[in-house]
Amino acid sequence: MTIVTNGGPGRDYLQAEYVMNLYRGCSFGCIYCYARSTYYEKTADFSAIRPKENALEIVRNDLRRKVKRGVVLTGGVSDAYNPLEKELKITRNALELLNAFEFGITIITKSNLVIRDMDILTDIQQNAPVSVNFSITCADNALAQKVEPHVPSTSVRFAAIKALSNAGIPAGLLIDPVLPFITDTPENIRELVKMAALHGAKYAYISPSVTLADIQRDYFYTEVDKHFQYISEKYKKRYDQRYRCQSPYAKKACEIFGQTCEAEGLLYDMKAVNQHLRMGYKM
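My numbering numbers the first residue of the sequence shown as 1 and each following residue consecutively.
Any given hint might turn out to be false.
What the hints assert, rightly or not - Taking lysine to any residue pairs in the SDA-like style, the calculated list, with each CA pair at most 25 Å apart, reads:
#1 LYS52 with ARG69
#2 LYS146 with GLU223
#3 LYS89 with LYS146
#4 LYS52 with ASP12
#5 LYS194 with LYS236
#6 LYS202 with VAL19
#7 LYS86 with ALA167
#8 LYS202 with ALA213
#9 LYS226 with LYS202
#10 LYS194 with MET283
#11 LYS66 with ILE49
#12 LYS146 with LYS66
#13 LYS237 with CYS254
#14 LYS146 with LYS236
#15 LYS146 with ASP45
#16 LYS194 with LEU267
#17 LYS68 with VAL19
#18 LYS252 with ASP240
#19 LYS86 with TYR13
#20 LYS66 with TYR13
#21 LYS89 with ILE58
#22 LYS194 with GLN145
#23 LYS68 with ASP12
Hint data in this document are derived by calculation from the structure and do not stem from the laboratory.
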């Protein structure tokens with residue numbers, strides 16, 4: 001089933017009634033990606049993007065069966081705007097179906113390819129909530145290249161936020177995850193929030209931790225050792241086999257995040273964010 005009732009994060013995250021995953025795997029190569037763990041993927045080659053079989057037919061049938069309209073979240077496990085989407089247009093066609101059935105959409109992505117679909121997002125917005133949420137972890141392009149090697153650069157993603165905002169489509173910043181000892185500096189968090197505000201974002205969210213599990217943990221340690229001296233040893237000493245690894249500076253990071261959001265005029269309380277995104281809609 002492609003569209004399922006949302007059993008994921010609650011009121012402290014983006015609100016959505018349903019979840020839609022159209023692809024498996026991801027080629028962006030983010031060293032921290034939780035979807036690489038065996039809980040989500042049963043393949044040795046996570047970087048191989050695989051469209052779900054008959055995805056659009058299933059989406060259409062699922063939408064027909066839904067008694068209650070609502071917002072559909074996509075991109076939480078596999079990015080809906082991976083490089084293969086440029087030619088396959090599965091996500092674009094799924095958006096057209098959502099538009100036809102008057103469902104809303106919340107997109108999580110790292111790709112500027114989403115601006116291709118601004119026309120459909122604008123149409124959906126006539127009847128249902130729309131938001132595009134960019135996961136951006138590093139203000140510095142060079143640092144981003146190390147932890148997100150095949151993702152469009154930080155500056156390109158912020159430019160996409162600006163394009164969406166200029167088109168009247170709500171866009172937000174997700175500082176998710178925050179990598180302990182790597183991206184949890186006050187300078188990085190402040191700069192990300194300031195850049196988001198400068199480019200027209202309406203809100204921001206922070207998760208001051210990273211999740212590590214089974215083969216994903218091993219992959220993360222292998223990759224950080226290539227770029228950051230002693231970091232994996234710090235993780236092993238502090239977190240051992242923990243699934244959720246919170247920054248030792250989490251409290252301070254969240255304080256700086258909140259203060260900067262307030263100074264820049266960004267919403268950051270997720271209850272207020274969700275109310276803002278649904279203002280004027282009856283869902």
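Results of checking the hints against the structure:
1. LYS52 with ARG69: Status holds; Cα separation ~23 Å.
2. LYS146 with GLU223: Holds: LYS146 and GLU223 sit about 9 Å apart, inside 25 Å.
3. LYS89 with LYS146: Since the Cα atoms of LYS89 and LYS146 sit roughly 29 Å apart, the hinted pair is violated (cutoff 25 Å).
4. LYS52 with ASP12: 29 Å, violated
5. LYS194 with LYS236: 33 Å, violated
6. LYS202 with VAL19: It holds: about 23 Å lies between the C-alpha atoms, which stays within 25 Å.
7. LYS86 with ALA167: Holds - the C-alpha atoms of ALA167 and LYS86 are around 21 Å apart, at most 25 Å.
8. LYS202 with ALA213: Answer violated: LYS202 to ALA213 is near 33 Å, above 25 Å.
9. LYS226 with LYS202: Answer violated: LYS226 to LYS202 is near 36 Å, above 25 Å.
10. LYS194 with MET283: 32 Å, violated
11. LYS66 with ILE49: 28 Å, violated
12. LYS146 with LYS66: Status violated; Cα separation ~42 Å.
13. LYS237 with CYS254: 24 Å, holds
14. LYS146 with LYS236: Roughly 20 Å separates the two Cα atoms, so the pair holds.
15. LYS146 with ASP45: 20 Å, holds
16. LYS194 with LEU267: 13 Å, holds
17. LYS68 with VAL19: Measuring from Cα to Cα gives roughly 14 Å; hence the hint holds.
18. LYS252 with ASP240: 23 Å, holds
19. LYS86 with TYR13: Cα-Cα ~28 Å, so violated.
20. LYS66 with TYR13: This hinted pair holds, its Cα atoms lying about 23 Å apart.
21. LYS89 with ILE58: 16 Å, holds
22. LYS194 with GLN145: 20 Å, holds
23. LYS68 with ASP12: At roughly 23 Å apart (the allowed maximum being 25 Å), ASP12 and LYS68 satisfy the hint.
Hint compliance for this structure: hints 3, 4, 5, 8, 9, 10, 11, 12, 19 are not met, and every other hint is.
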